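Novice: Each chain, written out:
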Amino acid sequence: MGKIVLRLDRVMADRKIGLNELSEKVGVANVNLSKLKNGHVSAIRFSTLEALCEALHCQPGDIIEYEFD
Amino acid sequence: MNANIKKNINVIGKIGRIIAGIMAVCMIIVGCVTAIAAGYIATLPKETVDISLNGTADITSEGQLFAKIRKVLDLKQEGDGAQLNLAGTGDVDVVVAGDDNILEGADLTETENGLMLTVNNKKFTVSTAKVLYAVCMVLAGIICSVVVLFMLKSLMKALEKCDTPFSADVIEKMKRFGYSLIPFAVFNTFSDNSWSSIFSGELSFGFSLDITVILGILVIFLLVTVFNYGAQLQKESDETL
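So the protein lines, in turn, are chains C and D. One point on numbering: in our numbering, the residue at position 13 of the first sequence is 13, and numbering is uninterrupted. Numbers in our numbering are just positions in the second sequence, counted from 1, shifted up by 1000.
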C-alpha cells in the first residue's frame, strides 16, 4: 500500500523561502515546521494546510502527494 | 495542553512527592526501630516474656436466678460463698459470692432440663516467640508500606516533571504503584487473623478481605487503562500539526 508524503521542502525550495521566514508567516513553530518538512508527522490540520498554502501561494496538492508502492 | 493545567499537575506532583517522601522516611525509621526490636527480642531467652491472662465473666441476677441454680446443680454452701463442682468440667470450680448475686467465671444458659453453667475459662497467653512474631508482622507491614510509598513517590515525581499526564512514564509509574499495592492487600488480608492468634494462644490462619485496598487497586488499574487511551490520543494530537 502506498503512503502520503509531504513535499514541503520542495515547495519551499521553489519559493526560496527559509524555515524561520515561513514559521513567522504561518504562525507555526519552526520545530514543528521542521517535522512537517521531514515528514515526521502523521496528520495535518486544515488550518495549518490553509496557512501553508496562503504563505507559499500553492495548492494542497503541491504540498501533499500520494506515493504508490 | 493548557499551561495552567500543566502547572497545577506539576504542583500536585511536587506536593505529593514531598508528602510521600516524608511518609516513606518516617516508615523507614519506624521499620529500623522495629527491626532492632525484633533482633533484640530474638536474642532474649524464651521464658523472658510469659504473660497469662484468664478471662472472667460476671453475671448478676435479682437473686432468684441463683436460687434456681442451687436447685438444679445442688450447690454446696461453704462459708460466705458457695462452691460449685461442675460435672464434666473436672477441675474447674465456680465461686458464687455470698450475696448470691455475682457468679464469676461462668456463663449461664437455660436448657430443657433446667439451667446450665458453662465455665468461661479462656486463656490469653503472650510469650517471647509471640512477641517476636508480632514484631515481625509489624515489620512486614512496614516493608509493604515503604514499597507502596516509594512507588507513590516515583509516580508523583513523574507528574511533577511531565508535560502531560498522558505520557508513557506516568502510566508506567502508575502501573507499578498499582502492582505494589497487591502485596500490601495480601498482607492485610492475612494479617488480621495472625494478630488475633497472637493473643488467643492458638495459631489460626484465615483471611479477611480488605475491600478498600482491593477496590483501590482496581481503580488504579482502571485509571491505567484510561490513561493508556489518553496517551494514545495525546500521541495523535502531538503528531498532528
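No wet-lab data here; the hints were simulated from the structure. Computed from a predicted structure; not experimentally measured. One thing to keep in mind: the hints can contain errors.
Each computed BS3-like pair below joins lysine-lysine, with the alpha-carbon atoms no more than 27 Å apart [unchecked claim]:
(1) Lys1007/D with Lys1235/D
(2) Lys37/C with Lys1235/D
(3) Lys1157/D with Lys1130/D
(4) Lys1175/D with Lys35/C
(5) Lys35/C with Lys1014/D
(6) Lys1130/D with Lys1006/D
(7) Lys25/C with Lys37/C
(8) Lys1161/D with Lys1235/D
(9) Lys37/C with Lys16/C
(10) Lys1235/D with Lys1006/D
(11) Lys1161/D with Lys1006/D
(12) Lys1235/D with Lys35/C
(13) Lys16/C with Lys35/C
(14) Lys1007/D with Lys3/C
(15) Lys1014/D with Lys1161/D
Novice: The structure should be examined with respect to each hint, and the outcome stated for every one.
Specialist: Evaluation of the provided hints:
no. : hint                     : verdict
1   : Lys1007/D with Lys1235/D : 20 Å, holds
2   : Lys37/C with Lys1235/D   : 19 Å, holds
3   : Lys1157/D with Lys1130/D : 40 Å, violated
4   : Lys1175/D with Lys35/C   : 32 Å, violated
5   : Lys35/C with Lys1014/D   : 33 Å, violated
6   : Lys1130/D with Lys1006/D : 52 Å, violated
7   : Lys25/C with Lys37/C     : 15 Å, holds
8   : Lys1161/D with Lys1235/D : 18 Å, holds
9   : Lys37/C with Lys16/C     : 14 Å, holds
10  : Lys1235/D with Lys1006/D : 17 Å, holds
11  : Lys1161/D with Lys1006/D : 10 Å, holds
12  : Lys1235/D with Lys35/C   : 14 Å, holds
13  : Lys16/C with Lys35/C     : 19 Å, holds
14  : Lys1007/D with Lys3/C    : 39 Å, violated
15  : Lys1014/D with Lys1161/D : 9 Å, holds
When each numbered hint is compared with the structure, violations occur for hints 3, 4, 5, 6 and 14.
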